[in-house]
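Asker: Chains as they are written, first to last, in our numbering: chain P, 1 to 375; chain H, 1 to 294.
In case anyone wonders, no lab produced these hints; they're calculated from the structure. Each residue gets a CB set at the ideal place from its N, CA and C atoms; glycine is no exception. It cannot be assumed that every hint is accurate.
[Unchecked claim] Sample of chain H residues with no beta-carbon within 12 Å of chain P, all distances over it, derived: (1) D82; (2) H110; (3) L190; (4) R197; (5) A215.
[Stated by the list, open to error] Have a look at the derived ranges for each label pair, beta carbon to beta carbon: (6) H:G169 with P:P375: 44 to 54 Å; (7) H:A267 with P:E37: 49 to 59 Å; (8) H:E92 with P:T338: 42 to 52 Å; (9) P:K336 with H:E74: 47 to 57 Å; (10) P:P178 with H:H110: 31 to 41 Å; (11) P:K196 with H:R133: 35 to 45 Å.
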Amino acid sequence: MASLRRWWSGLLALLVILPALGHLGYALAFPEPEEIETPRVVQTLNPKVGIHTRLTDEGSTERIARTYRMVRQMGAAWVVEYLPWPYVQGAGPDQFDWRHADRLVERAVMEGLRVIIRIDSVPAWARPPGTTFKQLDPEHYADFANFAAAFAHRYRGRVSHLIIWNEPNLAYEWGQRPVDPVAYTNLLAASYTAVKRVNPDMRVVAAGLAPTTEPPGSPWGLDDLLYLRRMYQAGAARYFDALAIHSYGLTAPPDAPPDPAKITFSRALLTRQVMEEFGDGGKPALITEGGWNDSPRWVYGVRPAQRIAYTLRAYQLAAEWPWLEAMCLWTFRTPKPTRTYHDHFAFVTPDFIPTPLYLEVQRAMRGFTPPPDAP
Amino acid sequence: MENELSHSPAPLPAAAPPGSPPTAVSRRGVPRPRLPLVPLLALLVVAGAILALPAPPPAPAPVQDVQPPHQWREGVLRVGVDGAYPPFALLENGQFRGHDVELARRLAGHLGWQLELVNIPFDGLYDALRVSRIDVIISALPYQEELEGTVIYSRPYFQAGEVLIAPRGGALRSARALRDQRIGVELGSLGDQTVRRLEAQGARLQRQAFDSIPAAVAALHRGELDGVVVDRVAALAAVRADPALTILDPPLSDVPYVIAMPYDAPAFARTIDEWLETIERDGTLARLTADYLG
């Protein structure tokens, strides 16, 4: 009898211990997420403030997350990022690799940011051999449009604006060929039509043009105001929901009066005039690049204090311009130092040290300077 | 200077000199050397012992300076310099002048070569070096750790980092362990960034930002500040303009200016380093800095 009792006791102990061990093993093999993240909310006094990040070559998820966190902590509500077409469809027209794009969009959305994505560049299979990655011929416009549509479908509700191409009024950006506003309008039309078919809510944004005064026939490009007029004359108005503007100040302050013969920040007002001239004043515009540079070794650099003052004033102007939806200045950070004046556009260093400009914008947009370890 | 290491090629076989051992004739009538048997056996034993040992690692290939055809052979030193960055280099009316221009002149003189100054915007200097358009860069070039392995940098010839200036003989004697001082900076500058970093590290400072360095220095003169943090070039200019000011040690950041050379010219780099060491030791470099920077 005693041995039977011992037998039952052993069995009961096994029944208790084995499931516990099993649960422990399962927990070790399939750990629960440490914490379920909820999207954060941007706190800012100016909801039009944004910044262009530069995560194209950033391979680290941690650094991507840190970038967007610091953008939010600065008080910026918008981000622009560039997604090269070959990153997604580099292997061929039937293959899509969304891993990099997923990481960007997921982390930006988790930080509560409004995401604008610019797409351009051409995979090797979609261009003739020996051409630059910026050459897209009309026979592949449909391929590009399909990519744009696939993007719009995948990121429905998470990405609000899609910019089609970059600065097509520069020969470099147009595959080292003479620029062609009519051809770009055709590309825009193909992309717009394809995107709207799968995601009518996606705002299709016409490319930001490079601010330049290059005359017709120049091998380098074409005056942005003239190029925009030719786009309108080609019927572009029907094929975009908003216009991107690149607005660099060079050495002039933001309130310098606009002059068609000069590159100033206020050239954005001239671009706006062209929109109104063609009856398109009901559409918004977004500044998706722009700002000042404080390199002491660049002829267009300003003093650091000027850069801060001009930047704060520009963000203030964004709030005052009702037609402007957002102002995203260039640029938040580069993954590595460029060792050129480009480093002096950045708001934080490659190792994430905030510049005084970042801290001053943060103070202006949030009304205070949060501690460095703030979430 | 031709190659980094002169190395003699293996000697070609020569005709047997007079006094060589006489030759014997083989059974087939082919002449063969008549060698003493005992030394030959000893040689075989030694050779066997050597073969039994593990093979030594292959000798490293001799390092050579691969020199552009223009360089050195014609005794010309082509120096890349950005002529828009005084007081280091300024190109005006076709004439270069400045600290780095003089440094380049002295280097060429030391080498006994003709100097050719090539005006290149700062952003294009490395590319010009890479494609051998120039032989060296002497142009207020900050050391870039990430470029080690693609160029050779000399030892520093100037420290351009941030320093603290203060009234000579005043209460502030050192830039170490700052606490509660009123420190002026140019808003947005690296000096500003440096002081903010010190604050973030726990230094209790009263940082006051100004629109320009002269405005900050003027406030220092008025006694509204205890010190101003600026880059060393601006500090030297301020101290030269007003001997009542002084630069306090230690520097607050490290921004050494260096000479950059092609990666495949290590012997030339050593020559430059030795020369820089010499002119630093004999006071030439300090006098050059004083002449152009204060």
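Asker: Does each hint hold? Answer for all of them.
Answerer: Evaluation of the provided hints:
no., hint, result
1, D82, "violated, 7 Å"
2, H110, "holds, 28 Å"
3, L190, "violated, 8 Å"
4, R197, "violated, 8 Å"
5, A215, "violated, 9 Å"
6, H:G169 with P:P375: 44 to 54 Å, "holds, 48 Å"
7, H:A267 with P:E37: 49 to 59 Å, "holds, 57 Å"
8, H:E92 with P:T338: 42 to 52 Å, "violated, 29 Å"
9, P:K336 with H:E74: 47 to 57 Å, "violated, 37 Å"
10, P:P178 with H:H110: 31 to 41 Å, "violated, 52 Å"
11, P:K196 with H:R133: 35 to 45 Å, "violated, 52 Å"
The earlier numbered hints that this structure contradicts are 1, 3, 4, 5, 8, 9, 10 and 11.
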